[in-house]
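Student: From just these sequences and the hints, can you work out the full model?
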Amino acid sequence: MKAIICTKYGPPEVLQLKEVEKPTPKNNEICIKIHATTATSSDCILRSFNIPKWHPLGLMMGIALGFGKPRNPILGMVAAGEVDSIGNDVKRFKIGDQVLAYTVKSPTKTKLGTYAQYICVPEDWPVLPKPSNLTYEESAAIPYGGELAMHFLKKGDIQSRKNVLIVGASGTIGTTAVQLARYYGAKVTGVCSTANIELVRSLG
Numbered sequence: 001m002k003a004i005i006c007t008k009y010g011p012p013e014v015l016q017l018k019e020v021e022k023p024t025p026k027n028n029e030i031c032i033k034i035h036a037t038t039a040t041s042s043d044c045i046l047r048s049f050n051i052p053k054w055h056p057l058g059l060m061m062g063i064a065l066g067f068g069k070p071r072n073p074i075l076g077m078v079a080a081g082e083v084d085s086i087g088n089d090v091k092r093f094k095i096g097d098q099v100l101a102y103t104v105k106s107p108t109k110t111k112l113g114t115y116a117q118y119i120c121v122p123e124d125w126p127v128l129p130k131p132s133n134l135t136y137e138e139s140a141a142i143p144y145g146g147e148l149a150m151h152f153l154k155k156g157d158i159q160s161r162k163n164v165l166i167v168g169a170s171g172t173i174g175t176t177a178v179q180l181a182r183y184y185g186a187k188v189t190g191v192c193s194t195a196n197i198e199l200v201r202s203l204g
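Residue 1 is where the sequence shown starts when you use our numbering, and the numbers rise one by one after that.
Derived by calculation from the structure, the hints in this document are not laboratory data. Predicted model, so just to flag it, every value in this text is computed and none were measured. Be a bit skeptical, because a hint or two may be false.
What the hints assert, rightly or not - In silico lysine-lysine, PhoX-like type, Cα no more than 20 Å apart, as pairs:
1. LYS109 with LYS26
2. LYS187 with LYS162
3. LYS8 with LYS18
4. LYS2 with LYS33
5. LYS8 with LYS26
6. LYS26 with LYS91
7. LYS91 with LYS8
8. LYS109 with LYS94
9. LYS26 with LYS111
10. LYS18 with LYS33
Said to hold, decoys possible - Pairwise CB distance ranges, derived in the manner of DEER restraints:
11. THR194 with ASN27: 49 to 55 Å
12. GLY87 with LYS155: 20 to 26 Å
13. SER132 with ALA195: 28 to 34 Å
No residue lacks a Cβ here, since even glycine has one placed at the ideal position from N, Cα and C.
Tutor: Here's what the structure looks like:
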């Protein structure tokens, strides 16, 4: 299969298109044929490793990801596609299902690799049916911002808040945060550029 390989840490030019072996799902995994993915801000940080290696976070990232170049050279954590094959123990999905996957289950359970034609992930990770009214490209834009928006709103105890200020309300995280905060009944004030005022107003 084809994959975008991160040959070393650095600017976008370190990424190269190469042929690699197609993965085979384990008993509890599904193999997704990827139709769309995203390039998130986290992907850019992982690719550039733009943190001093002596910095505590830099040291932790180096230990977890590798010094000099990534241990797993295929980046990416969002996949929209269809189930290509399944492991023997898989119950939730069948071959041909259209799915949306976020390959981060927890800070210690992350599987990069969606900059490729295929990826295998456990069926009990954040994998859901793709919304039928969205394209693969539109679906791929949902998980990253949605997951982080929900994380920060929960951390801020959104259910006890009557008023919420969202800075960057027109971005990937912000647009989802506005809608989620409204869902929880909060009065939302959004901060964004003048070019995006109508967009943010349309979100509620």
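Student: If you check each hint against the structure, which ones fail?
Tutor: Violated: hints 5, 7, 8, 12.
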